[in-house]
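Protein chains in written order, with the UniProt record's numbering: chain A, 1 to 82; chain C, 1 to 82; chain W, 1 to 156; chain Y, 1 to 156.
In case anyone wonders, no lab produced these hints; they're calculated from the structure. A hint or two may mislead.
[Unchecked claim] Computed spacing ranges between beta-carbons, pair by pair:
1. 135/W with 88/Y: 39 to 47 Å
2. 138/Y with 145/W: 29 to 37 Å
3. 142/Y with 14/A: 53 to 61 Å
4. 28/C with 148/Y: 37 to 45 Å
5. 84/W with 86/Y: 39 to 47 Å
6. 148/Y with 135/W: 48 to 56 Å
7. 137/W with 58/Y: 55 to 63 Å
8. 137/Y with 70/W: 15 to 23 Å
[Claimed, not checked] Here chain A is said to cover these stretches of chain Y; the calculated rule only asks that three of the stretch's residues, wherever they fall, bring their Cβ under 8 Å from a Cβ of chain A:
9. 46-55
10. 66-80
All C-beta atoms, glycine included, are put in the ideal place defined by N, C-alpha and C.
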Amino acid sequence: MALTIRYFAALRDRMGTAESVVDHMPGINGGGLAEWLIARDPAAEALAHPSVRLIINDEIAPRSQALQDGDTIAFCPPFSGG
Amino acid sequence: MALTIRYFAALRDRMGTAESVVDHMPGINGGGLAEWLIARDPAAEALAHPSVRLIINDEIAPRSQALQDGDTIAFCPPFSGG
Amino acid sequence: MAVSVKVQTERFDAGALLDALTGRDSSCGAVASFTGQVRGGDDLVALELEHYPGVTEQALGRIADEAVRRWSLGEAVIIHRVGRMAVGEPIVFVGASAPHRRAALEATSFMIDILKTQAPFWKREHTSSGSHWVEPRPGDDEAASAWLAGEKESTA
Amino acid sequence: MAVSVKVQTERFDAGALLDALTGRDSSCGAVASFTGQVRGGDDLVALELEHYPGVTEQALGRIADEAVRRWSLGEAVIIHRVGRMAVGEPIVFVGASAPHRRAALEATSFMIDILKTQAPFWKREHTSSGSHWVEPRPGDDEAASAWLAGEKESTA
Numbered sequence: 001m002a003l004t005i006r007y008f009a010a011l012r013d014r015m016g017t018a019e020s021v022v023d024h025m026p027g028i029n030g031g032g033l034a035e036w037l038i039a040r041d042p043a044a045e046a047l048a049h050p051s052v053r054l055i056i057n058d059e060i061a062p063r064s065q066a067l068q069d070g071d072t073i074a075f076c077p078p079f080s081g082g
Numbered sequence: 001m002a003l004t005i006r007y008f009a010a011l012r013d014r015m016g017t018a019e020s021v022v023d024h025m026p027g028i029n030g031g032g033l034a035e036w037l038i039a040r041d042p043a044a045e046a047l048a049h050p051s052v053r054l055i056i057n058d059e060i061a062p063r064s065q066a067l068q069d070g071d072t073i074a075f076c077p078p079f080s081g082g
Numbered sequence: 001m002a003v004s005v006k007v008q009t010e011r012f013d014a015g016a017l018l019d020a021l022t023g024r025d026s027s028c029g030a031v032a033s034f035t036g037q038v039r040g041g042d043d044l045v046a047l048e049l050e051h052y053p054g055v056t057e058q059a060l061g062r063i064a065d066e067a068v069r070r071w072s073l074g075e076a077v078i079i080h081r082v083g084r085m086a087v088g089e090p091i092v093f094v095g096a097s098a099p100h101r102r103a104a105l106e107a108t109s110f111m112i113d114i115l116k117t118q119a120p121f122w123k124r125e126h127t128s129s130g131s132h133w134v135e136p137r138p139g140d141d142e143a144a145s146a147w148l149a150g151e152k153e154s155t156a
Numbered sequence: 001m002a003v004s005v006k007v008q009t010e011r012f013d014a015g016a017l018l019d020a021l022t023g024r025d026s027s028c029g030a031v032a033s034f035t036g037q038v039r040g041g042d043d044l045v046a047l048e049l050e051h052y053p054g055v056t057e058q059a060l061g062r063i064a065d066e067a068v069r070r071w072s073l074g075e076a077v078i079i080h081r082v083g084r085m086a087v088g089e090p091i092v093f094v095g096a097s098a099p100h101r102r103a104a105l106e107a108t109s110f111m112i113d114i115l116k117t118q119a120p121f122w123k124r125e126h127t128s129s130g131s132h133w134v135e136p137r138p139g140d141d142e143a144a145s146a147w148l149a150g151e152k153e154s155t156a
């Protein structure tokens, strides 16, 4: 299994991809995943911004939420619907 | 000339008429007219109730407003539109 | 900036009135509406609306003008029926278009709140056992007073 | 009590949606609506709406359910478009029916305020000189926070 990472809107443009898959890292949480992505690619720095929200398996979730093998983590810029 | 008096809704039912005409009484105001009508006919007592509003010549007006010869004075129960 | 008010006996179509407010003014991103309709219950057969012709139209015009002024609306519309209406029929339509949503929503609330206490309409309920004049609801005065004192504006 | 939410690319008719809410439930004397539409200006050619399929519908459903619960609504409707829209086209329709006006008006404000901050939609503006993602308006968070903290309810 693995972690599926999704990027939306401005973050998708920034990352140059809508989706990527990485190996699961035992014990990692949402915030840790963002840090790991930034360490790997400085273009990911925006993921650390506090306005970026995480949706983990279809639910808005805090960065402190532990990730399970098979999770889908979406990085979302501030919503602007309506 | 004279004063034209109009009654609406529940007050019209109470007074048994929609409109009556009385001689102008120099120096009288809206409240005075209500008192004069009550003295003439106890059925008019409801006109003194503070919830009854006066519309004088198409404008909501205080009871203290002096009446001029030719004025139309409407006695209105609380509005209930909308 | 356009204001449209009307008192009529004919039934109106709330959807058509809303459509007439939408997509008209490209500077307006928001349209809000309120429709009042005859609520059933208590053996109600029909509602009858009486008004003070001439004065009512003037009152509605002032309410709409005031809403346009306070919230810089694109358009403001008030249509109010008089006469006899069956349960479920529309009584009143209030609508506003504005650049942003808060203005459209607040102006709509303002117009219907103020209309209830400042426009000379009277409702009579016809039931199977007789008819009676409707008393205003206890909160109506407070809602209108809050707008007139400007309190509601500050909580926006 | 019925809730209806939908995300669609097709243009909708706000008037038809309002008509579907009116005259349906005889216990409801009030219907309120909000329509958001593409506002022109700043050389805007078109607006493009992206969303997170599945999650968006779930978010809208929760918002409508919460409105029905808080205000004992008859019906609550949220329709939101995605894809590309020209200036003047409708983006979102929110509507509520309720026994009395305050509930319908407040529930409508609540749904559009919360939708702005809790549903994963993103707007992109296309102008003649390029395109850019839209930043949320500064007041949006405050409006949603006030509802979530219950502050707005107490000023009703």
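Hint by hint, here is what the structure shows:
{"no.": "1", "hint": "135/W with 88/Y: 39 to 47 Å", "result": "holds, 44 Å"}
{"no.": "2", "hint": "138/Y with 145/W: 29 to 37 Å", "result": "holds, 31 Å"}
{"no.": "3", "hint": "142/Y with 14/A: 53 to 61 Å", "result": "violated, 27 Å"}
{"no.": "4", "hint": "28/C with 148/Y: 37 to 45 Å", "result": "violated, 58 Å"}
{"no.": "5", "hint": "84/W with 86/Y: 39 to 47 Å", "result": "holds, 44 Å"}
{"no.": "6", "hint": "148/Y with 135/W: 48 to 56 Å", "result": "violated, 36 Å"}
{"no.": "7", "hint": "137/W with 58/Y: 55 to 63 Å", "result": "violated, 37 Å"}
{"no.": "8", "hint": "137/Y with 70/W: 15 to 23 Å", "result": "holds, 20 Å"}
{"no.": "9", "hint": "46-55", "result": "holds (count 6)"}
{"no.": "10", "hint": "66-80", "result": "violated (count 1)"}
The structure fails hints 3, 4, 6, 7 and 10 (numbered hints given earlier, in ascending order).
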